[in-house]
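Since the structure of chain A is provided, determine the placement of chain B on it from the hints.
So the protein lines, in turn, are chains A and B. Heads up, the first sequence is in the working numbering, so the first residue is 1 and it goes up one at a time. Heads up, the second sequence is in the working numbering, so the first residue is 424 and it goes up one at a time.
Any given hint could turn out to be false.
Unchecked claim - In silico SDA-like pairs for lysine to any residue, Cα to Cα no more than 25 Å straight-line:
#, chain 1, residue 1, chain 2, residue 2
1, B, 647, A, 342
2, B, 647, B, 530
3, B, 529, A, 96
4, A, 224, B, 616
5, A, 106, B, 517
6, B, 529, A, 294
7, B, 529, A, 94
8, A, 224, B, 436
9, B, 529, A, 108
10, A, 106, A, 214
11, B, 529, A, 156
12, B, 529, A, 9
13, A, 224, A, 214
14, A, 106, B, 812
15, B, 647, B, 633
Rather than coming from a laboratory, the hints here were simulated on the basis of the structure. Predicted model only: the values in this text are computed from it and were never measured.
2 protein chains.
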Amino acid sequence: MLDLAQRARAASRALASLSTDEKNRCLTAMADVIEGAAPRLVEANALDLETGRSLGLSAAMMDRLALNPARIQSMATSLREVAALPDPVGQVLDQRTRPNGLHLSKVAVPIGVVVIIYESRPNVTSEAASLCFKTGNATILRGGKEALHSNRLVADLLVRAGRDTLGERFPSDAIQVVPTPDRDAIPELLSLTQYIDLCMPRGGEGLIRAVTAASRVPVIKHYKGVCHVYVDAHADLEMAGAIVENAKCQRPSTCNSAETLLVDRAVAAEFLPCLASRLASRNVEFHADPASLPLVQIAVGNRPNVVRIATPEDWETEYNDLVINVAVVEGVEGAIAHIARHGSGHSDAIVTRDEATAARFLHAVDSAAVYWNASTRFTDGFEFGMGAEIGISTDKVGARGPMGLAELCSYKWIARGSGQVRG
Amino acid sequence: MLDLAQRARAASRALASLSTDEKNRCLTAMADVIEGAAPRLVEANALDLETGRSLGLSAAMMDRLALNPARIQSMATSLREVAALPDPVGQVLDQRTRPNGLHLSKVAVPIGVVVIIYESRPNVTSEAASLCFKTGNATILRGGKEALHSNRLVADLLVRAGRDTLGERFPSDAIQVVPTPDRDAIPELLSLTQYIDLCMPRGGEGLIRAVTAASRVPVIKHYKGVCHVYVDAHADLEMAGAIVENAKCQRPSTCNSAETLLVDRAVAAEFLPCLASRLASRNVEFHADPASLPLVQIAVGNRPNVVRIATPEDWETEYNDLVINVAVVEGVEGAIAHIARHGSGHSDAIVTRDEATAARFLHAVDSAAVYWNASTRFTDGFEFGMGAEIGISTDKVGARGPMGLAELCSYKWIARGSGQVRG
Numbered sequence: 001m002l003d004l005a006q007r008a009r010a011a012s013r014a015l016a017s018l019s020t021d022e023k024n025r026c027l028t029a030m031a032d033v034i035e036g037a038a039p040r041l042v043e044a045n046a047l048d049l050e051t052g053r054s055l056g057l058s059a060a061m062m063d064r065l066a067l068n069p070a071r072i073q074s075m076a077t078s079l080r081e082v083a084a085l086p087d088p089v090g091q092v093l094d095q096r097t098r099p100n101g102l103h104l105s106k107v108a109v110p111i112g113v114v115v116i117i118y119e120s121r122p123n124v125t126s127e128a129a130s131l132c133f134k135t136g137n138a139t140i141l142r143g144g145k146e147a148l149h150s151n152r153l154v155a156d157l158l159v160r161a162g163r164d165t166l167g168e169r170f171p172s173d174a175i176q177v178v179p180t181p182d183r184d185a186i187p188e189l190l191s192l193t194q195y196i197d198l199c200m201p202r203g204g205e206g207l208i209r210a211v212t213a214a215s216r217v218p219v220i221k222h223y224k225g226v227c228h229v230y231v232d233a234h235a236d237l238e239m240a241g242a243i244v245e246n247a248k249c250q251r252p253s254t255c256n257s258a259e260t261l262l263v264d265r266a267v268a269a270e271f272l273p274c275l276a277s278r279l280a281s282r283n284v285e286f287h288a289d290p291a292s293l294p295l296v297q298i299a300v301g302n303r304p305n306v307v308r309i310a311t312p313e314d315w316e317t318e319y320n321d322l323v324i325n326v327a328v329v330e331g332v333e334g335a336i337a338h339i340a341r342h343g344s345g346h347s348d349a350i351v352t353r354d355e356a357t358a359a360r361f362l363h364a365v366d367s368a369a370v371y372w373n374a375s376t377r378f379t380d381g382f383e384f385g386m387g388a389e390i391g392i393s394t395d396k397v398g399a400r401g402p403m404g405l406a407e408l409c410s411y412k413w414i415a416r417g418s419g420q421v422r423g
Numbered sequence: 424m425l426d427l428a429q430r431a432r433a434a435s436r437a438l439a440s441l442s443t444d445e446k447n448r449c450l451t452a453m454a455d456v457i458e459g460a461a462p463r464l465v466e467a468n469a470l471d472l473e474t475g476r477s478l479g480l481s482a483a484m485m486d487r488l489a490l491n492p493a494r495i496q497s498m499a500t501s502l503r504e505v506a507a508l509p510d511p512v513g514q515v516l517d518q519r520t521r522p523n524g525l526h527l528s529k530v531a532v533p534i535g536v537v538v539i540i541y542e543s544r545p546n547v548t549s550e551a552a553s554l555c556f557k558t559g560n561a562t563i564l565r566g567g568k569e570a571l572h573s574n575r576l577v578a579d580l581l582v583r584a585g586r587d588t589l590g591e592r593f594p595s596d597a598i599q600v601v602p603t604p605d606r607d608a609i610p611e612l613l614s615l616t617q618y619i620d621l622c623m624p625r626g627g628e629g630l631i632r633a634v635t636a637a638s639r640v641p642v643i644k645h646y647k648g649v650c651h652v653y654v655d656a657h658a659d660l661e662m663a664g665a666i667v668e669n670a671k672c673q674r675p676s677t678c679n680s681a682e683t684l685l686v687d688r689a690v691a692a693e694f695l696p697c698l699a700s701r702l703a704s705r706n707v708e709f710h711a712d713p714a715s716l717p718l719v720q721i722a723v724g725n726r727p728n729v730v731r732i733a734t735p736e737d738w739e740t741e742y743n744d745l746v747i748n749v750a751v752v753e754g755v756e757g758a759i760a761h762i763a764r765h766g767s768g769h770s771d772a773i774v775t776r777d778e779a780t781a782a783r784f785l786h787a788v789d790s791a792a793v794y795w796n797a798s799t800r801f802t803d804g805f806e807f808g809m810g811a812e813i814g815i816s817t818d819k820v821g822a823r824g825p826m827g828l829a830e831l832c833s834y835k836w837i838a839r840g841s842g843q844v845r846g
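Chain A on its own, in the form it takes in the complex:
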């Protein structure tokens, strides 16, 4: 691991010297090489699928592990899109001249060496590596052990494309895959504070907690997404229904989907039966508090497989599925208190026509993204106009919310003087 990390550090210094044009030419070549190697990728992936079967992976996991021509094409397309994005490196974020004449500028620079730890999907290898490469960062990638053949080949192809384009100027260690499935490798890697600048784990809460506990280098992550939609007394209830349905049903497996609906007591009786019918027709299951339970049952009946009383754990569970918690709260302050207690600091929305109530919610809810009259599903680098997304952070240090290219940069202070000394 030490050798791997040292080579990544050396590569990161070389990457920092590449021009935007050089990086974009590499990314375009990487797309071509990935496209051209589709048969070899499918072949390597077949070995991984075999491992997956022998490990008894679920059908969903097997699907995430699989590479097919369409997915390989989409990897190539995504590489070309990254080439087309503006390069944040070198951007002047701030500048000033001090009274003593010293000129200071705050300039975006690569973070350096980034470790990405993720689960199955081999397409993450190419996506994460390309975003890091575009921002001049060296990557060390650690996917699921069942995806090792696919991941290594993807990394090899990307590096080969870079070498073909820039020759010696492209550092071969810019993109590395941890070569061993050994579990002890990760704590060892994440203790090397001198060589590793950042770790980004992506996956289930268990993986992320284990990585955070083991790491001595900074970690950016979100543990989970327990997102709320609060429907206020002054909401447009038709709009509220559409937002709740979208936040829950449009893609329930994502972290920005809603897990909990909070309804102001003043409109609960009017809103909930209608909303429950709407969601029930989308096959949503309800975990309701005592006040909302009868209002849901009016609409969907007393069917235990469709509606049941919520347990204390439910309020903090990310279902990733067509299940929604429902609670009646006392106005916006009740919603704020519920979210403070149970939320995950990810994405939370209020639906209301009242500007003051909205302002109170947007101010008091301490989440990475807060919404007024819109679905929580927009918390996403593409939807935010970043052009890409490497992950979503609920941390308060470093990037918060969706992370695009700019969020893969650090900065340095450049001071230009004419002999200034401190008095």
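Relative to chain A, chain B alone:
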């Protein structure tokens, strides 16, 4: 610790609701209360000095522990200065409207709960607490065990001033001191990721490494400051002499002081003897590489207590004292390579008249602050015009370089819509 952390979290939510004016009135009142309590502070400090003596603290440590009327006055002055600074909370850092009409703004918000771990000086208690308070953060302070009486009284006085000013609106748990000197308290505290957002250790490298190893919450820190001044072939040698002298001698105990002088081989014979005389007259001791050793000895003689050959460890040692390493390097690339190998990513300077050489150095040296023709001693929140400084970071995630009020903020994304749902 759990109770302490939960109370800090609750306090942080209340703090986030205070207006700038309310916070400033509290800070002014805090200054008055600290001033008025000078005799009590001296009294509490006397108990700590007694503990210090019984622990056999060095004279330097005892001096750092001591509070006297002048230092108490300076604490009060500093509180008034913090009141006068602009409040970064609520500043709109970025905004955009998406094609679907969703309006996004990126707004500075408090980080939340900040743990500050430091060594003796009780004045840090008031300084750190006031900067965190101004930015709406709750603080949990952990000073040296020998300073516990002073630190608790300072925190009590600050909180009392806040209560006197705002009554119930001021959360009493906004500023807390860890009440026990128990060492196990810190790992426990820093495992509470749900309640603690950031830890900032300040002190020796040993302390900082121990905190980083123990923490599961994000840590911002610098391990040490091994700063370099590189004197290029094209330097104005008179300017170079003044910068090296300032960087080494003006206040050698600080982290932004130079530890190593790198001299381009082309000017070593001309520059070094003269520079060595200059520094020797300031009582500087030299640890020189084989190429520079004779050039230093020309000026200061062969006195082993003034000049000796540098050991491998010397290049990575922060002396905090009137000692300087000297090495001859092959031009700017030699300097860049030396700094990449031995530097601490803190502050490094080049002295040259050649703009292209300067540009190469400023780009390739991966440190929080890089200087062209100026002393490294300027890496400081006040010198950078931040109006304050709570610490200096060499991390690449979160703040880098001096940290003022803006660097004590996170941000959130506020999305305002009119019923947008994701398609």
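Going through the hints against the structure:
{"no.": "1", "hint": "B:647 x A:342", "in the structure": "39 Å, violated"}
{"no.": "2", "hint": "B:647 x B:530", "in the structure": "32 Å, violated"}
{"no.": "3", "hint": "B:529 x A:96", "in the structure": "22 Å, holds"}
{"no.": "4", "hint": "A:224 x B:616", "in the structure": "13 Å, holds"}
{"no.": "5", "hint": "A:106 x B:517", "in the structure": "16 Å, holds"}
{"no.": "6", "hint": "B:529 x A:294", "in the structure": "40 Å, violated"}
{"no.": "7", "hint": "B:529 x A:94", "in the structure": "16 Å, holds"}
{"no.": "8", "hint": "A:224 x B:436", "in the structure": "21 Å, holds"}
{"no.": "9", "hint": "B:529 x A:108", "in the structure": "18 Å, holds"}
{"no.": "10", "hint": "A:106 x A:214", "in the structure": "32 Å, violated"}
{"no.": "11", "hint": "B:529 x A:156", "in the structure": "38 Å, violated"}
{"no.": "12", "hint": "B:529 x A:9", "in the structure": "32 Å, violated"}
{"no.": "13", "hint": "A:224 x A:214", "in the structure": "18 Å, holds"}
{"no.": "14", "hint": "A:106 x B:812", "in the structure": "17 Å, holds"}
{"no.": "15", "hint": "B:647 x B:633", "in the structure": "14 Å, holds"}
Hint compliance for this structure: hints 1, 2, 6, 10, 11 and 12 are broken, all remaining hints hold.
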